[in-house]
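So the protein lines, in turn, are chains P and B. Numbered by this note's numbering, the letters in the first sequence go through residues 1 to 281 in order. Numbered by this note's numbering, the letters in the second sequence go through residues 1 to 156 in order.
Because the hints were derived from the structure by calculation, they are not lab data. Computed from a predicted model, the values in this text were never measured in an experiment. Wrong hints could be hidden among the right ones.
[What the hints assert, rightly or not] Only pairs whose alpha carbons sit at most 20 Å apart, straight line, appear in this in silico EDC-like list of lysine to aspartate or glutamate:
1. P:252 with B:92
2. P:145 with P:168
3. B:56 with P:245
4. P:116 with P:61
5. P:108 with P:61
6. B:56 with P:61
7. B:155 with B:136
8. P:252 with B:125
9. P:148 with P:89
10. P:94 with P:105
11. B:103 with B:92
12. P:231 with P:61
Listed here are the chains, written in short residue letters.
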Amino acid sequence: MRHMIAALCAATASGLALAALAEPDDQSLAVDGVELVTEIKASDEHPLDMLYSGWRFRTDETQALQTDDFDNPAFIFVEQAVDAWDTVEGEAGKSCAECHGAVEESMKGVRAGMPKWDAEAGEVWSVENFVNRCRTERMQAEPWKWDKADMNAMAALIGLQSRGMPVDVDVSGPAEPWFKRGEEMYYTRYGQLELSCASCHEENYGNMIRADHLSQGHINGFPTYRLKNTKLNSVHGRFKGCIRDTRAHTFKPGSEEFRALELYVAWRGEGLAVETPSVRQ
Amino acid sequence: MKQTVLGLVISAVIAGTAIAGPVSPQSVVYADGAVAASLSGATGDPSSGREIIITKGQGNCIACHASEALADAAWHGEVGPVLDGVGDRWSEAELRGIIANAKMMFEGTVMPSFYKTDGFIRPGDGYTGEPATQIDPILSAQQIEDVVAYLMTLKE
């Protein structure tokens with residue numbers, strides 16, 4: 001709430017900016033006939049009142065690509081991950097499937113609760129960390145690089161198994177300091193342009209910034225297929241780009257900082273449906 | 001004789017300021033958010049100012065501001081107020097202050113500071129994502145003057 005007030009004050013200071021605060025569109029998202037929640041009232045502790053999926057801020061053409069898996073270009077990559085799931089790799093001679101069985105069963109709901117505290121590592125981990133632990137320790141294979149094709153495809157396949165489920169992360173206990181760190185990052189005005197995530201995604205969602213209609217910056221659709229670079233983009237890849245665009249020294253995908261930020265941003269989208277793999281501009 | 005010496009001293013001082021070149025970002029004096037004198041010491045060129053405002057690698061002002069007067073340039077943002085009429089709403093000194101460091105005029109504003117080189121958190125080397133090795137202001141003193149000169153032409 002504190003931040004909402006600050007945002008309102010900033011907006012009223014320039015009456016025009018307030019007047020321009022446009023709502024997301026009023027479309028509803030159904031993928032192959034199944035409705036997904038793209039709008040939900042936020043919890044009382046949330047700085048925003050209403051939460052909207054990024055899908056609601058996109059053009060009709062971009063939106064349409066996500067309503068049918070056959071049209072959704074992300075599925076080319078998901079298909080590759082289906083193959084990878086069954087492929088034996090590494091010294092241990094195992095495939096993901098040998099231990100986990102059908103991905104539809106074993107990975108159901110996993111993405112909705114990511115990132116999460118891992119007691120063994122003593123850290124908050126993203127889905128990529130879990131995949132790489134299996135690859136290195138259980139398969140004795142090379143780890144996949146963060147934000148690269150193999151990893152993003154597997155993250156999309158895993159995320160798909162939670163599609164339609166509400167984002168619901170655990171920010172309590174040992175995860176709490178990570179959550180707090182992420183929150184602090186969210187409001188830090190990085191770079192020579194001195195812009196925080198909140199400058200754009202909290203104070204100005206609904207407004208155009210150059211050619212882009214600003215959304216609330218949720219991660220419920222990640223990895224996301226972007227028309228701009230015609231491939232899957234990871235959560236951390238997006239964070240990296242958004243910080244870089246403030247003329248800042250950005251952070252690395254997989255870094256502690258980005259995992260903390262991911263936890264906080266996931267919390268901001270709690271209740272929205274997982275949309276993985278989404279399509280964006 | 002006394003008079004002549006004084007006169008000489010004064011003209012030397014005036015000449016001294018004129019050749020001192022641009023005011024550095026650290027030594028700009030803001031009074032209620034406004035900056036009285038030209039930052040470069042010279043007057044601005046409005047046509048160059050217009051170009052800076054619409055160019056992505058320079059002012060990129062239209063990322064956040066719309067304007068009828070700039071309708072020929074593609075993509076106008078809605079983050080800040082419409083620029084038409086700013087030449088009526090603000091004095092030249094106020095506009096100079098707003099462009100150089102808008103935070104002096106509007107506390108906590110999202111508008112970036114275009115003539116500032118310190119106090120940044122993790123400044124980058126342009127848009128590469130790498131750390132900055134040297135920080136120049138986003139716009140030079142003369143570019144600020146050019147932008148101000150153009151904005152002064154935006155009268156209703």
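Okay, the hints, checked on the actual structure:
no.	hint	result
1	P:252 with B:92	violated, 43 Å
2	P:145 with P:168	violated, 26 Å
3	B:56 with P:245	holds, 12 Å
4	P:116 with P:61	violated, 34 Å
5	P:108 with P:61	violated, 30 Å
6	B:56 with P:61	violated, 26 Å
7	B:155 with B:136	violated, 32 Å
8	P:252 with B:125	holds, 16 Å
9	P:148 with P:89	holds, 18 Å
10	P:94 with P:105	holds, 19 Å
11	B:103 with B:92	holds, 17 Å
12	P:231 with P:61	holds, 18 Å
Checked against the numbered hints above, the structure violates hints 1, 2, 4, 5, 6 and 7; every other hint is satisfied.
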